[in-house]
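Input sequences plus hints: build the corresponding full structure.
Protein chains in written order, with this note's numbering: chain A, 81 to 254; chain B, 160 to 286.
Dumping the calculated EDC-like pairs for lysine to aspartate or glutamate here, alpha-carbon to alpha-carbon at most 16 angstroms:
(1) Lys239(B) - Asp209(B)
(2) Lys274(B) - Asp168(A)
(3) Lys218(B) - Glu180(A)
(4) Lys218(B) - Glu177(A)
(5) Lys237(B) - Asp214(B)
(6) Lys181(B) - Glu177(A)
(7) Lys237(B) - Asp209(B)
Hints in this document: simulated from the structure, not taken from any laboratory.
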Amino acid sequence: MNYFQLFQVPAQFDLDLTELGTRYLELQRNFHPDNFAAGSERDRLLAVQQAANINDAYHSLKQPLLRAEHLLALRGVKISHEQRSFTDTSFLMQQMELRELLGDILHSSDPYVLIDEAEQQIQQQKNVLLKLLAQALEANHHEQDLQAADIIRKLKFFFKLQHELELIEQQLQD
Amino acid sequence: MAYSEKVIDHYENPRNVGAFAKDDPTVATGMVGAPACGDVMKLQIKVSADGIIEDAKFKTYGCGSAIASSSLVTEWVKGKSLDEAALIKNTDIAQELALPPVKIHCSILAEDAIKAAIADYKSRHGS
Numbered sequence: 081m082n083y084f085q086l087f088q089v090p091a092q093f094d095l096d097l098t099e100l101g102t103r104y105l106e107l108q109r110n111f112h113p114d115n116f117a118a119g120s121e122r123d124r125l126l127a128v129q130q131a132a133n134i135n136d137a138y139h140s141l142k143q144p145l146l147r148a149e150h151l152l153a154l155r156g157v158k159i160s161h162e163q164r165s166f167t168d169t170s171f172l173m174q175q176m177e178l179r180e181l182l183g184d185i186l187h188s189s190d191p192y193v194l195i196d197e198a199e200q201q202i203q204q205q206k207n208v209l210l211k212l213l214a215q216a217l218e219a220n221h222h223e224q225d226l227q228a229a230d231i232i233r234k235l236k237f238f239f240k241l242q243h244e245l246e247l248i249e250q251q252l253q254d
Numbered sequence: 160m161a162y163s164e165k166v167i168d169h170y171e172n173p174r175n176v177g178a179f180a181k182d183d184p185t186v187a188t189g190m191v192g193a194p195a196c197g198d199v200m201k202l203q204i205k206v207s208a209d210g211i212i213e214d215a216k217f218k219t220y221g222c223g224s225a226i227a228s229s230s231l232v233t234e235w236v237k238g239k240s241l242d243e244a245a246l247i248k249n250t251d252i253a254q255e256l257a258l259p260p261v262k263i264h265c266s267i268l269a270e271d272a273i274k275a276a277i278a279d280y281k282s283r284h285g286s
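See the structure below:
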């Protein structure tokens, strides 16, 4: 299913999220099961199915990584559920170092300094990758799509790091 | 999800955690990652002049199954030749640790890590 089509927004990475939210509320209203309460069983089932599609689509389109993955899938480059290992050694070395930095936080006498440092590094590199991702996707050529797929893989590591950092911050607060 | 006893054992008492000196010419390193879960695995082997893996160390950031898979592989490769170690299959790891289907990718990661370390050694020693 083409989520961009469902939401009648252009099939591109750079999306107007306000417009997306408005479209979501409209669609939700139009396909609310209550509207089909008097309809046939088939109509009611279709409405429920469509409501589920709308939720899935919104969930995917509003998050940059999922949106990019969906866009790539529509262009024939499928990377969700892949189990291939990532082998970019220098990138992974850097990931290890960031993980080590995160590991030091809980034992540090001044953990918030390290948290700031980690947050800055993660944010900065995430932003660089997101910009590269937008550029690669905008080109709309197979070669750049493959590059985009690789950038998404890297971004996933950074989103994971960010999640880990949030867990550490929670732990510190408790 | 419940971990098997063997996974818990490796997770709580991981074997061979750590790293060898980077500049040691007998050491080779395999680095792999799994984008889907953000796991990162480093596996190092120390190889004797006659091509036997004398020692192995690992460092893994990931779930219990990923840690257990890499810990198990460091145990298995010790004393093996490079060619023997290259035969380790992810299915053997998954079976030994009784990994559930959703964690099979952790064993794939460990197999890829040892293969990457062997490839690293061979590329440095030209064999």
